[in-house]
Amino acid sequence: MCVLLSFLVICAVAVSFSKKLLNSVLIFMSYSLIMSVIWMLLESPDLAITEAAVGAGITSVLFFVTLNRIHSMFKDASGKKKEVKEDEEKKSVQ
Amino acid sequence: MKKRNLFSSLLDWVWESRSDLYENMTIRDDDEEVNVITKAEHKEDIEKVKEKVFDAADRGSFRKWRFLYKILAVVFAVFFSAVLLITVGQLPKIGEINNPANNEVEKRYIEKGLEETGATNIVAGMILDYRAFDTLGESHVLFVAAIAVTILLRLDKSERDPEDTKITETITEAEEEDKIFEPHHDAILQKVAMLLVPIIILFGIYVILNGHLSPGGGFSGGAIIGAGLILYLNAFGFENTERFFNEKVYKTVIFSGLAFYALAKCYAFFCGANGLDSHISKGIPGHILSAGLILPLDIAVGCVVACTMYAFYAMFRKGGL
Amino acid sequence: MNTNLLNNYAEAVSMIIFAIGFTNLLLHKNLIKKIIGLNIMDTAVYLFLALKGYIKGHVAPIIIDGVVEPEAYINPIPSGLVLTGIVVSVSVTALMLSLTIRLYKRYHTLDLDEISLRLKKEGL
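These protein sequence lines map, in sequence, to chains A, B and C.
For the record, in the first sequence the residue sitting at position 27 is 27 according to the numbering used here, with numbers rising by one throughout.
Position in the second sequence counted from 1, then plus 94, gives you the numbering used here.
Position in the third sequence counted from 1, then plus 415, gives you the numbering used here.
FYI, nobody ran anything at the bench for these hints, they're computed from the structure.
Just so we're clear, the structure is a prediction, and the values are computed from it rather than from any experiment.
Note that the Cβ used here is the ideal one computed from N, Cα and C, for glycine as well.
All clues given are correct.
Here are a few chain C residues that face chain B, going by a calculated C-beta distance under 7 Å: (1) Thr418; (2) Leu420; (3) Leu442; (4) Lys467; (5) Tyr469; (6) Pro476; (7) Ile477; (8) Tyr488; (9) Asn490; (10) Ser494; (11) Val503; (12) Leu510; (13) Ser513; (14) Arg517.
Subject to a maximum C-alpha distance of 27 Å in a straight line, what follows is the list of computed BS3-like cross-link-like pairs (lysine-lysine): (15) Lys467/C to Lys201/B; (16) Lys80/A to Lys535/C; (17) Lys137/B to Lys273/B; (18) Lys81/A to Lys19/A; (19) Lys471/C to Lys201/B; (20) Lys449/C to Lys19/A; (21) Lys251/B to Lys133/B; (22) Lys19/A to Lys75/A.
FRET-style restraints, in silico, Cβ to Cβ: (23) Ser30/A to Asp371/B: 42 to 50 Å; (24) Cys360/B to Tyr522/C: 39 to 47 Å; (25) Leu496/C to Lys137/B: 47 to 55 Å; (26) Glu341/B to Val3/A: 44 to 52 Å; (27) Tyr522/C to Val3/A: 42 to 50 Å; (28) Val507/C to Val108/B: 22 to 30 Å; (29) Ser30/A to Pro292/B: 27 to 35 Å; (30) Asp528/C to Trp107/B: 46 to 54 Å; (31) Gly377/B to Val507/C: 36 to 44 Å; (32) Gly377/B to Phe17/A: 48 to 56 Å; (33) Arg160/B to Glu537/C: 20 to 28 Å; (34) Glu484/C to His279/B: 54 to 62 Å; (35) Asp528/C to Glu263/B: 20 to 28 Å.
All chains should be modelled from the sequences, with the hints used to inform the complete structure.
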């Protein structure tokens, strides 16, 4: 239980300190998964199933789709884009 | 005029195909909107942002205000968390039996829960029988969120007229943009989805039907079914999914689910959230067909949640359903 | 003044995570990170609520073998409250993300300072 709680704090801190948007959404997904395991340790299986299905499933997928729609998948938090990725985009369009 | 019975006119109203109520009403045209921007203005906006983006960050007073705001925010957050931690230090110990949170309400729910609701899962029996009014409000919160997302993100026209410069995006343009990262007819994804999607949907139905016997219930089961539909959509594309799940099905399922729940429990507005006895038999505890009205309510809530989750995803991807 | 801070370490961690999410909401400029911060605050509150119902040594509230004494199960009431809360949290997140998409399509930036400056210029 103490180990899982320290994982939670590490994940929450890592979300704020990561530079790319995609990385913070992925760490948020793992935060939700650890939360679901903590619900199981607190003897509430209803909450564990609901948090796993909704938090790590639906909310994170909505974040990914939003990032796709606003063309910021590979951008930094300040809006700059890495030059290498534009070539990959052009290749996948063809 | 053809004679229509009540049921078919109700269905027509839900599907918006025809209605006697508002035959002559029209929605105001979009051309008279004030704040619609043309494509040329859009391009001007982008150019201005590119010129002036250094201007905003370097402005002197803005920088001073930003610095002051950061200091104040950190001080406020530290003070706030110190107050919270001091309060936590004065709370009673976690896990004791004699905590004030374990009072007579809990004893009543556990002791009389099985004979009054018939459900083996105490939490599910509580939220769908003793406190069904709260769950009614929560389903409506989901419904309002789905409506708000539809209002914000729905794209109207599927093809663009050449002279029409005021529309910002059409459905075909959104689909083209969306396909940049999409794998088209990916073999691995389709084989795995063909194997997994029936299992996921079957598991979701199992969780919904066993809501009153084991952990689970309407919300988790609905979310699992919604996730299965999203996987199907990702693997096979929009045309295959719209063969069995289009806008008509969505409207019918959500409307009938919510209407059934509201009709079953709307007396709570007048009786003060006390549960009245629905004269459906409670059955033998431990069987699926037990617990009175809890099983139909579970199914209604599950259907509403599944359709809402899928609608969120489809609105975000394409702007239509 | 009894301090139970070391005994209630789980609740203290929940408050720390709430403060981290709150700082995220205040200090970042990017809209997506603010939304993630709001979600972290939500889950920290749910953790605190569920800890209120935990009783040491008792099991999950599913009736087994017809045992209906309250000395065998944990408190089921906070569990019901958190179940409602999780569903409301996903609705709020979906609504905020769709607002972000609309803001991006209008202003082509995700920076909240830029958006407020341009709103001021437009006179709103």
